[in-house]
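Colleague: Each chain, written out:
2 protein chains.
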Amino acid sequence: MAASTPLSDLRHALLSRGLEGMLVPRADAHQSEDCAPHDNKLAFLTGFTGSAGLALVLQDRALLFVDGRYQVQARHETDSALFEIHHLHDEPVAEWIAQNLPAGQRIGFEPMLMVNSQYQALQNSGCELVALSYDPFDAIWHDRPAPPQGPVSLMPPDISGELTTTKRARLGVKLQELGVDYLVVTQPDNIAWLLNMRGSDVPMNPVPHSFALVKNNGAVEWFVDPVKLTLVPPVWLMDISLKAPSALLARCQEIAAGKRILLDADNAPVAVSFAVEAGGGEVFWQPDPLTFMKAQKNLTELEGYRHCHLQDGVAWVNFLAWLEREAPARAQSGTPLTELDVQAQQLAYRQQREGFLEQSFATISAAGSNAAMCHYHATPATNAAIMPGSFYLNDSGGQYVNGTTDATRTLAFGDVSPEMRRHYTAVLKGFLGLITLQFPKGTQGHQLDAFARRGLWELGLDYDHGTGHGVGHRLQIHEQPYRMAKKVNPWPMLPGQIITIEPGYYLADNYGIRIENQVEIIFGMPGFCRFSSLTLIPIDLRAAELHLLTEQEVAWLDSYHLHVRDVLSPLVEAEARPWLFEATAPVHTRAGTPG
Amino acid sequence: MAASTPLSDLRHALLSRGLEGMLVPRADAHQSEDCAPHDNKLAFLTGFTGSAGLALVLQDRALLFVDGRYQVQARHETDSALFEIHHLHDEPVAEWIAQNLPAGQRIGFEPMLMVNSQYQALQNSGCELVALSYDPFDAIWHDRPAPPQGPVSLMPPDISGELTTTKRARLGVKLQELGVDYLVVTQPDNIAWLLNMRGSDVPMNPVPHSFALVKNNGAVEWFVDPVKLTLVPPVWLMDISLKAPSALLARCQEIAAGKRILLDADNAPVAVSFAVEAGGGEVFWQPDPLTFMKAQKNLTELEGYRHCHLQDGVAWVNFLAWLEREAPARAQSGTPLTELDVQAQQLAYRQQREGFLEQSFATISAAGSNAAMCHYHATPATNAAIMPGSFYLNDSGGQYVNGTTDATRTLAFGDVSPEMRRHYTAVLKGFLGLITLQFPKGTQGHQLDAFARRGLWELGLDYDHGTGHGVGHRLQIHEQPYRMAKKVNPWPMLPGQIITIEPGYYLADNYGIRIENQVEIIFGMPGFCRFSSLTLIPIDLRAAELHLLTEQEVAWLDSYHLHVRDVLSPLVEAEARPWLFEATAPVHTRAGTPG
Chain Z
40 MAASTPLSDL RHALLSRGLE GMLVPRADAH QSEDCAPHDN KLAFLTGFTG
90 SAGLALVLQD RALLFVDGRY QVQARHETDS ALFEIHHLHD EPVAEWIAQN
140 LPAGQRIGFE PMLMVNSQYQ ALQNSGCELV ALSYDPFDAI WHDRPAPPQG
190 PVSLMPPDIS GELTTTKRAR LGVKLQELGV DYLVVTQPDN IAWLLNMRGS
240 DVPMNPVPHS FALVKNNGAV EWFVDPVKLT LVPPVWLMDI SLKAPSALLA
290 RCQEIAAGKR ILLDADNAPV AVSFAVEAGG GEVFWQPDPL TFMKAQKNLT
340 ELEGYRHCHL QDGVAWVNFL AWLEREAPAR AQSGTPLTEL DVQAQQLAYR
390 QQREGFLEQS FATISAAGSN AAMCHYHATP ATNAAIMPGS FYLNDSGGQY
440 VNGTTDATRT LAFGDVSPEM RRHYTAVLKG FLGLITLQFP KGTQGHQLDA
490 FARRGLWELG LDYDHGTGHG VGHRLQIHEQ PYRMAKKVNP WPMLPGQIIT
540 IEPGYYLADN YGIRIENQVE IIFGMPGFCR FSSLTLIPID LRAAELHLLT
590 EQEVAWLDSY HLHVRDVLSP LVEAEARPWL FEATAPVHTR AGTPG
Chain E
40 MAASTPLSDL RHALLSRGLE GMLVPRADAH QSEDCAPHDN KLAFLTGFTG
90 SAGLALVLQD RALLFVDGRY QVQARHETDS ALFEIHHLHD EPVAEWIAQN
140 LPAGQRIGFE PMLMVNSQYQ ALQNSGCELV ALSYDPFDAI WHDRPAPPQG
190 PVSLMPPDIS GELTTTKRAR LGVKLQELGV DYLVVTQPDN IAWLLNMRGS
240 DVPMNPVPHS FALVKNNGAV EWFVDPVKLT LVPPVWLMDI SLKAPSALLA
290 RCQEIAAGKR ILLDADNAPV AVSFAVEAGG GEVFWQPDPL TFMKAQKNLT
340 ELEGYRHCHL QDGVAWVNFL AWLEREAPAR AQSGTPLTEL DVQAQQLAYR
390 QQREGFLEQS FATISAAGSN AAMCHYHATP ATNAAIMPGS FYLNDSGGQY
440 VNGTTDATRT LAFGDVSPEM RRHYTAVLKG FLGLITLQFP KGTQGHQLDA
490 FARRGLWELG LDYDHGTGHG VGHRLQIHEQ PYRMAKKVNP WPMLPGQIIT
540 IEPGYYLADN YGIRIENQVE IIFGMPGFCR FSSLTLIPID LRAAELHLLT
590 EQEVAWLDSY HLHVRDVLSP LVEAEARPWL FEATAPVHTR AGTPG
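As they're listed, the protein sequences go chains Z and E.
Under the working numbering, the residue at position 395 of the first sequence is numbered 434, and the numbers go up by one with no gaps.
Under the working numbering, the residue at position 445 of the second sequence is numbered 484, and the numbers go up by one with no gaps.
Rather than coming from a laboratory, the hints here were simulated on the basis of the structure.
One should not assume that every hint holds.
Said to hold, decoys possible - Facing chain E, from chain Z, some residues (calculated, C-beta under 7 Å): (1) A170; (2) W496; (3) E497; (4) V527; (5) F567.
The model shown is predicted, which means the values in this text are computed figures rather than measured ones.
Built from N, CA and C at the ideal position, the CB exists for glycine as well.
Let the sequences and hints guide you as you build the complete structure.
Modeller: Shown next, in the form of structure tokens:
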């Protein structure tokens, strides 16, 4: 008898329930970007640790669907005798089922882990989808990590800028305008914003995994594990009806009769829509209004971003000045700094800053060819040295009490090749081309994306990621709904939104370049908007062909650097000050400029 | 008893048929941009002559829906005692009906004049839509112009570049790939392209009003008035089954049983879908594949565009040199040139050119504030003089045997104000910003549109029209499906497509500026595209602030002008040559440049 594996155990469990197969997505009920270990069934089942994927387990085959980023990693992490690797987008699982399985096969799925668009596609695949009312992994995952129970903390009004009561009242009005009786909120960052609370279930994601049911008078029922509320003074919970997360579906069914209930079209689990329909309610698929309310920052939040970026800028400058001192000396001494050394030192500098809580995402500290993988994270096995003649890329940020930061700098150590200079200049010109733009209020992200690519396009090059994403206010580092990317983003960009600008270039097995500032969208001339940088970090110009910059680009760089110098020089450590002055010198004083 | 009007006659006719109202769109069965006088029921009924609109005639009210361009003109042309003017987009007719009419009112419409999206919207408006099988205007429009019967002519293979037989075979394969039995073609330019014929039903629109039914083996049934085919040698019609246009619906119904039939989602009349469904067929709403096949030009067509643009460039230079000689002299003598004088002279120069057939659209010859209306056409009543200190805008083109041209130049006569110079420079920089771009194959028009606006955005300004449209090959001046505009255009831009680049700026009651080149999309670096100008006309730099141009912009202008000079100087009339040399001089030789 062969040793049991998670896969064989699952097959056995399915068979005993009369199922021919089951879908196991890398997802939790909140469609979180980072899910808790408790929820990572896909990793338990397959060994694959990437952040997106889906397994289809059948009795005689098992398939793992992952996107282009993860084709290599998935083959490396899974047992090829057990799992076939397929492409998540080029060959969607619904299409695979339609083409390869006899019609009517009974395929189980957990309806709390599936959104409506996935469900509709699978509905048309010819199989019989069986919604499971139990979690088959409970029986087979013996050392399963416990569900997260991170404490919830308060976000006081002097930081959030608006009382939860007025947020709830405003939301109620919006729901009435939409002709909706209830809203079911399943995105924890929307709950966090609405209730002025923050969570700690998953590191770097300060949101409470939980659900909310909001009536169109603003009344809130919060489905949250009470253990998480130990630190919350009862007075903050006074107008909130607390319930267990497991009660959500029954409650939705209970209140549904004759009601119109808004479920987020992209994120709500189909289980909720089943419950609403079972209770005689009408499901109204729409984006959650909270997503837009939250993305439009108020003045207090905007001030918070400025404060935490000042702190983060000090940490960056102290760190970069240290790095510029240490890296050449260590390389020459034969014990060069490594990616992990550097990110530890950077974290130490951040931890000195007022209001710093934790990193806002796993730092990308990437030397040489490691930076060519744009989602690289250093491990002891990959930990590369920072050597002369190469680029070092650092993409990192902090969660602070009053905001969230995210920035990237690419540093040229020693003399880099003419080709590296050409590519660095193209990325820099893309960054400048977009950040200097004035654009009409309401312009959509996809209309602006190409400005950041023009410099690379001119060389016949491009980068395969978006140009900018929203950033939460002490919330998610990738906040919906605003994006600048090639893909259409239909939402109007307006003053008071926060977004990143981060063009890059990646030459496989050689190097990676990215320059990223976080910006606030501000008013420009009447009817127009501009970007105002929150990020306060000198931009390395050593690898830039300065004679290729336009007057407008030079003027932006000089004015930005002067500002960075002015606000940071009183705050950085004394040893860092000379480096700060050098790094923020006007373009015309540098080598390589005309005249 | 009051005198009868078209409106009262129509109401009487509707009443006798038991209808409470009727929809009368400005449309023909082909959704033509320019419809024949025979088809312009809206103008007969209301007096409104604009190119888009819709009347809703009820027994006690009559409403005319027109878009923003036509709000003023509609009030001017219609009797306000008879017609209320509404906004076509802000208050769609379906919404108006839903909010203002009792449910179940019987509203007639002609299903050959309505496309599916309009029909679906009206279906949900609460009225009872009654598809009319007769034309109520036959009885009330006594002096109605006859349907057009313009002769069809051939487009020989040395000009079309591909035999109709291979086009039909390729189309058959595409239909099979789509799993379709038949395609119903209702867009005359698609028929013209497929059959290598050109029509003459409506001036400047060289397409034969007709329909086609194409089987998935490439066999064609052509529903066309045989009178139009008098000049076509029978051998060209050998493999085509000819039928009367009036036979289309019966034939569609006849062949439909058990078949899947492709109808163009945006342009096919709902009458055709009714016929297919009545015959037991399945309607497959998709873009007509011919739209894409036609837009991807072959090498012979591309060569034709180059040839006719050379001819058109000679006509433009002869014309502009004449204008630059005459306008100041005539203004000084007190009998200045007028818009109509100038466009007549321009036409005379075009008529001298080899292969010129007719104008490709009604010339926009606009002096001073008339040019602020971007769709202005001069009439004796509006005919303005060309005076010093002003801009003169000319947007015109020709149908040539081997292609279609479309270009705009704005000329600065005498000294123009600093503000005019600022605006002209912003438009010029937008034009240059886009035309110098290299972009990845498959980029979509809305991703590039903003490059043409950046110069204006920088001043807090914009223009309210698209940036570029496709141009047919001796076909429609606005050819589907490619567009560069703010609005999403999902179709990938690829080498071999023809498009315009035409940013502008319009200051109401003052002046209008537009600079337009027609371009071919060509291969750039591997995987990338560039624009190559077809248009060969000097760009007026007298109003440009040359010191604001970048090196790249200057390099493009100099190289473009040198090319224009080289290819045109041997061909233009002797008197025009000195002006051509001056107008194509390198930027650095001009006043106002640095150094």
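Colleague: For every hint, state whether the structure bears it out.
Modeller: Each hint tested on the structure:
| no. | hint | in the structure |
| --- | --- | --- |
| 1 | A170 | violated, 32 Å |
| 2 | W496 | holds, 5 Å |
| 3 | E497 | holds, 5 Å |
| 4 | V527 | holds, 6 Å |
| 5 | F567 | holds, 5 Å |
Consistency note: the structure conflicts with earlier hint 1 alone.
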